[in-house]
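Asks: Model the full structure from these sequences, guided by the hints.
Protein sequences, first through last, are from chains A and B.
When the first sequence is numbered by the working numbering, its final residue is 258 and no position is left out of the sequence of numbers.
When the second sequence is numbered by the working numbering, its final residue is 674 and no position is left out of the sequence of numbers.
Honestly, the hints are just simulated from the structure, not real lab data.
Note that the structure is predicted; figures quoted are calculated from it, not measured.
Check each hint, because a few of them may be wrong.
Distance condition first, Cα-Cα at most 25 Å in a straight line; then the derived BS3-like pairs of lysine-lysine [claimed, not checked]:
| id | chain 1 | residue 1 | chain 2 | residue 2 |
| --- | --- | --- | --- | --- |
| 1 | B | K186 | A | K207 |
| 2 | B | K163 | A | K158 |
| 3 | A | K158 | B | K405 |
| 4 | B | K658 | B | K556 |
| 5 | A | K219 | B | K163 |
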Amino acid sequence: MSQESMNLTLKIWRQANASVKGEMVEYKVSEISDHMSFLEMMDVLNEQLVAKNEEPVAFDHDCREGICGSCSMHINGESHGPDKAVTTCQLHMRSFNDGDTIHIEPWRAKAFPVIKDLMVDRSSFDRIQHAGGFISVNTSGNTQDANAIPIRKEDADMAMDAATCIGCGACVATCKNASAMLFVGAKVSQFALLPQGQVEAKERVQNMVAQMDKEGFGACTNTGACEVECPKGISISNIARMNREYLSATITK
Amino acid sequence: MSTLDSKVPKGDIADKWTNYKNKIDLVNPANKRNIDVIVVGTGLAGGSAAATLAELGYNVKAFCYQDSPRRAHSIAAQGGINAAKNYQGDGDSAYRLFYDTVKGGDYRSREANVYRLAEVSTNIIDQCVAQGVPFARDYGGLLDNRSFGGVLVSRTFYAKGQTGQQLLLGCYSAMNRQIARGKIEMHNRHEMLDVVKVDGKARGIIARNLVTGEIERHSAHAVVIASGGYGNVYFLSTNAMGSNTTAAWKVHKKGAYFANPCYTQIHPTCIPRSGDYQSKLTLMSESLRNDGRIWVPKNLEDVEAIRNGTKKPTDLSEEERDYYLERRYPAFGNLVPRDVASRAAKERCDAGYGVNATGEAVYLDFKSAIERYGKEQAKLQNLDNASQEKITELGAAIVKAKYGNLFQMYEKIVAEDPYKTPMMIYPATHYTMGGVWVDYNLMTTIPGCYAIGEANFSDHGANRLGASALMQGLADGYFVLPYTIGDYLSHDIRTGKIPTDTPEFEAAEKDVKERIEFFVNNKGTHSVDYYHKILGKIMWEKVGMSRNETGLKEAIAEIKALREDFWKNVSVPGGSDQVNAELEKAGRVADFLELGELFATDALNRNESCGGHFREESVELDGEQKGEAKRKDDEYAYVAAWEYKGEPSEAVLHKEQLEFNDIELKQRSYK
Ligand SMILES: Cc1cc2nc3c(=O)[nH]c(=O)nc-3n(C[C@H](O)[C@H](O)[C@H](O)COP(=O)(O)OP(=O)(O)OC[C@H]3O[C@@H](n4cnc5c(N)ncnc54)[C@H](O)[C@@H]3O)c2cc1C
Ligand code: SF4
Ligand code: FES
Numbered sequence: 006m007s008q009e010s011m012n013l014t015l016k017i018w019r020q021a022n023a024s025v026k027g028e029m030v031e032y033k034v035s036e037i038s039d040h041m042s043f044l045e046m047m048d049v050l051n052e053q054l055v056a057k058n059e060e061p062v063a064f065d066h067d068c069r070e071g072i073c074g075s076c077s078m079h080i081n082g083e084s085h086g087p088d089k090a091v092t093t094c095q096l097h098m099r100s101f102n103d104g105d106t107i108h109i110e111p112w113r114a115k116a117f118p119v120i121k122d123l124m125v126d127r128s129s130f131d132r133i134q135h136a137g138g139f140i141s142v143n144t145s146g147n148t149q150d151a152n153a154i155p156i157r158k159e160d161a162d163m164a165m166d167a168a169t170c171i172g173c174g175a176c177v178a179t180c181k182n183a184s185a186m187l188f189v190g191a192k193v194s195q196f197a198l199l200p201q202g203q204v205e206a207k208e209r210v211q212n213m214v215a216q217m218d219k220e221g222f223g224a225c226t227n228t229g230a231c232e233v234e235c236p237k238g239i240s241i242s243n244i245a246r247m248n249r250e251y252l253s254a255t256i257t258k
Numbered sequence: 004m005s006t007l008d009s010k011v012p013k014g015d016i017a018d019k020w021t022n023y024k025n026k027i028d029l030v031n032p033a034n035k036r037n038i039d040v041i042v043v044g045t046g047l048a049g050g051s052a053a054a055t056l057a058e059l060g061y062n063v064k065a066f067c068y069q070d071s072p073r074r075a076h077s078i079a080a081q082g083g084i085n086a087a088k089n090y091q092g093d094g095d096s097a098y099r100l101f102y103d104t105v106k107g108g109d110y111r112s113r114e115a116n117v118y119r120l121a122e123v124s125t126n127i128i129d130q131c132v133a134q135g136v137p138f139a140r141d142y143g144g145l146l147d148n149r150s151f152g153g154v155l156v157s158r159t160f161y162a163k164g165q166t167g168q169q170l171l172l173g174c175y176s177a178m179n180r181q182i183a184r185g186k187i188e189m190h191n192r193h194e195m196l197d198v199v200k201v202d203g204k205a206r207g208i209i210a211r212n213l214v215t216g217e218i219e220r221h222s223a224h225a226v227v228i229a230s231g232g233y234g235n236v237y238f239l240s241t242n243a244m245g246s247n248t249t250a251a252w253k254v255h256k257k258g259a260y261f262a263n264p265c266y267t268q269i270h271p272t273c274i275p276r277s278g279d280y281q282s283k284l285t286l287m288s289e290s291l292r293n294d295g296r297i298w299v300p301k302n303l304e305d306v307e308a309i310r311n312g313t314k315k316p317t318d319l320s321e322e323e324r325d326y327y328l329e330r331r332y333p334a335f336g337n338l339v340p341r342d343v344a345s346r347a348a349k350e351r352c353d354a355g356y357g358v359n360a361t362g363e364a365v366y367l368d369f370k371s372a373i374e375r376y377g378k379e380q381a382k383l384q385n386l387d388n389a390s391q392e393k394i395t396e397l398g399a400a401i402v403k404a405k406y407g408n409l410f411q412m413y414e415k416i417v418a419e420d421p422y423k424t425p426m427m428i429y430p431a432t433h434y435t436m437g438g439v440w441v442d443y444n445l446m447t448t449i450p451g452c453y454a455i456g457e458a459n460f461s462d463h464g465a466n467r468l469g470a471s472a473l474m475q476g477l478a479d480g481y482f483v484l485p486y487t488i489g490d491y492l493s494h495d496i497r498t499g500k501i502p503t504d505t506p507e508f509e510a511a512e513k514d515v516k517e518r519i520e521f522f523v524n525n526k527g528t529h530s531v532d533y534y535h536k537i538l539g540k541i542m543w544e545k546v547g548m549s550r551n552e553t554g555l556k557e558a559i560a561e562i563k564a565l566r567e568d569f570w571k572n573v574s575v576p577g578g579s580d581q582v583n584a585e586l587e588k589a590g591r592v593a594d595f596l597e598l599g600e601l602f603a604t605d606a607l608n609r610n611e612s613c614g615g616h617f618r619e620e621s622v623e624l625d626g627e628q629k630g631e632a633k634r635k636d637d638e639y640a641y642v643a644a645w646e647y648k649g650e651p652s653e654a655v656l657h658k659e660q661l662e663f664n665d666i667e668l669k670q671r672s673y674k
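Replies: Below, the structure written as structure tokens:
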């Protein structure tokens, strides 16, 4: 049903920076159209705050079309909010009703410290990738022809599915253990499924897992919550594949 | 007026790059360790350049405003990347790709650069596959291709609808390897706010740490600008929210000429604006035009009835619909190039035929395609008396297989089912062909300052072909810049580290700090977005899809007045020593307010219609092409490179005359 003008109560986590305590603060917004995206609703709120010379709510966002992985809000207890298979920026206000109260919080995880308000530090994800998320090939201009090694379509498609991870961190935020296994499993799987990834496979999985542990992410207890909240539908079969890779790397090394 | 030296090497076009590379000065590996290079931006262009320069042994410092290089705007590219691999055996070659690109650019690009681009395109695919980029493959395990943007060969490589993402993650992985080795020092959440020149050469930048607010000095022997395009000067565009012109504009103000700012690509198939709160626009892939038919109602009464909800588009009979592209361009129909399709949509909407509440939308209808595919399938499956329902079901399944993810995206945003009711689309700003002027080496007019990717004025002339931006970004970063920069840096092997405690850094830092302090202390009344939206409206209405002298002159005056008001009344809450998104936006919009004026000035100067730039004064007056764009090769076959002189209105024009030795100039015709 179309609602052109909703009035909403927002309860938003406000925290000036990493070293001070935060709290939930209540705001009201009105005349919210159901065609608006969730972030456009946040823009309306922020314009109101700026008009009063108050500090707007800080949050990460950039592409606003579900692909850069910047946006990261925990909405009414769910990572990226109530809709399935969408990021926060793709969520639309038609998923809410007039009079609703919406709770908005940042990702909560030890490895994702809050920077300000709803903005968190996800550099731990980058450091896991530095540890092994690459294939060691130089840009020489005389790499062998791309069609020299045929790759089974099924494998290429599965590698692609794993590679679509946007690095948003919803899997971590939704997991009661704050585990990063889905994120790491996706990268390990992408390369494990491709011939180009074989040479460094053992070191890769070991190094990435070691870095993940070092960053303070929790252990995986197979609750499957990550897969449910992942906006890109990354399958937990990638975690199983990573576990197999890890096991074989430790046995044969 | 001076002429610009493009430094294009002599010789046959097919041999230029090879011969040039063979003669270029090299830096020996031991010396590379003593040389620092700054790369601003880590999209496809900057990311590939940073990784390759680090592999070669230079010390790279890379900067991006996002929290990770993996989030650069390049991530959003959907359709694909071109390369003249000729895997399909359909007659493709470097020459053909070169030819298509020059023609597509309406003969306003530099031949030698485009040829080189086409030549190295094949290496890109090899490189990406070696990095583990999962391009689409066929059942034989080989790479698949699609045809894109109305060209005659299938040369576009793709990874589902997420090609940009996969290519960028490839660059990101190559960067990660170098970050781990300590060869790239990555500065995330940093924004470059000025370039620093020492003895006329680019020797560093001033950057703001976007978390702490600290203003930092960084020095290097060369500075590479890879900061993307400036489409957000229109406020609404398909670009990411943070895409901006600041880095490019700052180097312009310090001496780099800015070329062809008026060349903008307005993409015909985007999801229309739904209201004033709209923050950005979403692209729907061009491929939809292969099967969708574009129309508006013939009668204004029907338009009215659709807008007030008394009629649905599906209620209108064939006779009541105006398939205006098919009517005007019988030969190409719905597949006319992007600029032609965009202007035609605007023409109908300006005449009052827009089909949504804002009056800015036309239909893209798949009914005929569903019907056609349905009948085909029924025949294939030997269903002689298939019901209409069955035919629709069969046809919809085919359409779903081809465009399922796009239809789903549309439905998520608009909440309408495009299988049942036609999609609504409208043109939106998408890409900027103009940018910082560079020579054959990709060096700007500041020695030691380079520009690559969408940030330079590059290889696309007045109009870019689909799937060519990704190709250009990666060609620049992986295969061109790493060679050409060596020629320059070979003179710096004895220079030693560039100190930052010098008057030049001091002065640049002071300017940056003053501007920031102005913003946070100004007791203004209007938000940054208030100004950005007004600027966007001026640009869209007067410097948009169709331009004329009166409108452009008004735009120049209005932008100037708006800029003055901005510097008096802008309001930026919060402090400078913290995360402050309003402050970041203020700096970017301040630069857009200057660029916008130069943009309009350039459009005014170019009294011809070419590619994405359409001047109402320059149309064919009679014959078959009556009313269509008229290019004027005698007067305007040049690159307009503008030199900054204090105010955008005082910019001085320099011309780089374009020579076409290998391609004959022709008028485009789609009738
Ligand atoms: C929706 C969409 C779809 C597209 N699809 C295609 C396609 O299918 N095929 C194709 O060929 N092209 C496509 N394009 C065009 C193409 O994506 C871009 O032209 C290209 O990715 C630009 O790459 P880039 O590296 O030059 O810049 P960007 O990817 O824009 O990167 C800019 C970088 O600069 C940084 N930056 C900017 N300013 C500063 C600053 N002041 N300080 C520090 N860092 C800064 C950013 O953080 C970022 O890292 C598409 C574009 C859009 C919008
Ligand atoms: S696995 Fe899914 S939820 Fe986790 S970072 Fe990747 S895209 Fe986000
Ligand atoms: S803003 Fe890019 S995924 Fe949401």
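Asks: For every hint, state whether the structure bears it out.
Replies: How the hints compare with the structure:
1. B:K186 x A:K207: Roughly 24 Å separates the two Cα atoms, so the pair holds.
2. B:K163 x A:K158: holds (13 Å)
3. A:K158 x B:K405: holds (18 Å)
4. B:K658 x B:K556: At roughly 22 Å apart (the allowed maximum being 25 Å), K556 (chain B) and K658 (chain B) satisfy the hint.
5. A:K219 x B:K163: Given pair K219 (chain A), K163 (chain B) is violated - Cα atoms ~34 Å apart, limit 25 Å.
Comparing the model with each earlier hint shows a violation of hint 5 alone; every other hint is respected.
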